[in-house]
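Visitor: Chain by chain, the residues run as shown.
Number of protein chains: 2
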Amino acid sequence: MIFSPAISRLIEAFRRLPGIGPKTAQRLAFYVLSMKKEEVAEIAGALLEAKKRVRQCSRCFNLTEEELCPICRDPRRDAGLLCVVQEARDIYVIEKTGQYKGLYFVLHGALSPLEGIGPEELKIPVLLEQLRKGEVKEVIIATNPNAEGDATAFYIAQSAKPLDVKVMRIGFGLPAGGDLEYADELTMSRALEARREIL
Amino acid sequence: MIFSPAISRLIEAFRRLPGIGPKTAQRLAFYVLSMKKEEVAEIAGALLEAKKRVRQCSRCFNLTEEELCPICRDPRRDAGLLCVVQEARDIYVIEKTGQYKGLYFVLHGALSPLEGIGPEELKIPVLLEQLRKGEVKEVIIATNPNAEGDATAFYIAQSAKPLDVKVMRIGFGLPAGGDLEYADELTMSRALEARREIL
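Chains H and P, in that order, are what the protein sequence lines are. Heads up: the first sequence begins at 1 in the working numbering, then just goes up one per residue. Heads up: the second sequence begins at 200 in the working numbering, then just goes up one per residue.
Incorrect hints may appear among the rest.
Stated by the list, open to error - To be clear about the criterion: a stretch of chain H counts as covered by chain P if any three or more of its residues have a C-beta under 8 Å from a C-beta of chain P, and this derived list gives those stretches:
#1 31-44
#2 53-65
#3 81-93
#4 131-144
To be verified - Derived, one-sided and incomplete: chain P residues facing chain H with beta-carbon distance under 10 Å:
#5 I206
#6 I242
#7 R252
In case anyone wonders, no lab produced these hints; they're calculated from the structure. Predicted, not measured: the structure shown is a model, and the values here were computed from it. Beta carbons are placed, not taken as given, at the ideal position from N, Cα and C, and that holds for glycine.
Could you put the whole structure together from the sequences, leaning on the hints where they help?
Guide: Take a look at the structure:
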């Protein structure tokens, strides 16, 4: 049984999105066909408009519709503190804590020699150039807790060594609310390494 | 932390789709922003084209891009056998068995007095009219195994009683490959009712 060409094309379109397998794509396609024409037009319009309007902040490479992103434009943010993340979406995770008042820097990836991603493929040269200006006093590297993220953190720390900047890595350990029983051995091992005196 | 207007609109657009919560919508939106412009245009185009081209088969109300759907157009299908389903997507589930050679009829819903869905809101009058023509000898009702699907099956069976048509319901019981331990009590109770002699 094959689907008609327009339905097949729609299923294929959904399959391009991450985490959407053949069954979900089919379900979404049939749902779209049951929606009102105006609703479908709104989704299509939202896709095209977002792609057209959204670009990278010229300072931190966060996503924005203007020259500078809302965080870089905010004069209350501490320009002496810079948090380095792999992806723009990571900023929202940190912002949700309400705890961080510095600026950000989005690398748009992590070092991965196997995939041919070196410092030049990321925004690392731009980051180092910003650090050389001397305004940033502390860098917090919040790349992912895996081999690529750790290698990226290490590379940035080494490159920033000659500069007068404190380079920190976010803390690792047990996730809040988690159950010790379900912690994998790497998380547990990092939690042990990161132990602190209670009193 | 709020997203820029175009990103918010895109996240909202994804949230209109079934099974997509706020986190998934956010993830999809950021992914779309990382895609090539042409890829995003392809998805938007697929949505608009599918909605524009796809309509209901004039005979069975399956989705099609022509007057009749490929199944109704196929002269090898047995026009004496009619399988009634709630949604067009259910046809693909049955077709995948490769076992069914009759035609279909899509009700586009199930009876639900609570939601104000009576026979007139579905395609039931059209179905009964087709049955009155006398070509169909057997109807297999494959509506969902829940209260609405069962009520719909019962209503159709009663309405077709004066006509010379055998009205059957698909079988219920344990799903193939399943483990008895995980069967819920309703499935198990229906499996007991549907017991058959082995030899």
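Visitor: Taking the hints in turn, state whether each one holds.
Guide: Hints versus structure:
Counting residues of the region 31-44 of chain H whose beta carbon lies closer than 8 Å to any beta carbon of chain P gives 11, which meets the minimum of three for the stated coverage. Only residues whose beta carbon comes within less than 8 Å of a beta carbon in chain P count, and the region 53-65 of chain H has 5; three or more means the coverage holds. Counting residues of the region 81-93 of chain H whose C-beta lies closer than 8 Å to any C-beta of chain P gives 5; at least three are required, and the coverage claim holds. Evaluation of the coverage hint for the region 131-144 of chain H: breached, as 0 residues show C-beta separations to chain P shorter than 8 Å, against a requirement of three.
For the restraint placing I206(P) at the interface with chain H, the shortest Cβ-Cβ distance is roughly 6 Å, inside the 10 Å limit, so the hint holds. For the restraint placing I242(P) at the interface with chain H, the shortest Cβ-Cβ distance is roughly 4 Å, inside the 10 Å limit, so the hint holds. Satisfaction of the interface hint for R252(P) is found here, the shortest Cβ-Cβ separation to chain H being roughly 4 Å, below the 10 Å cut-off.
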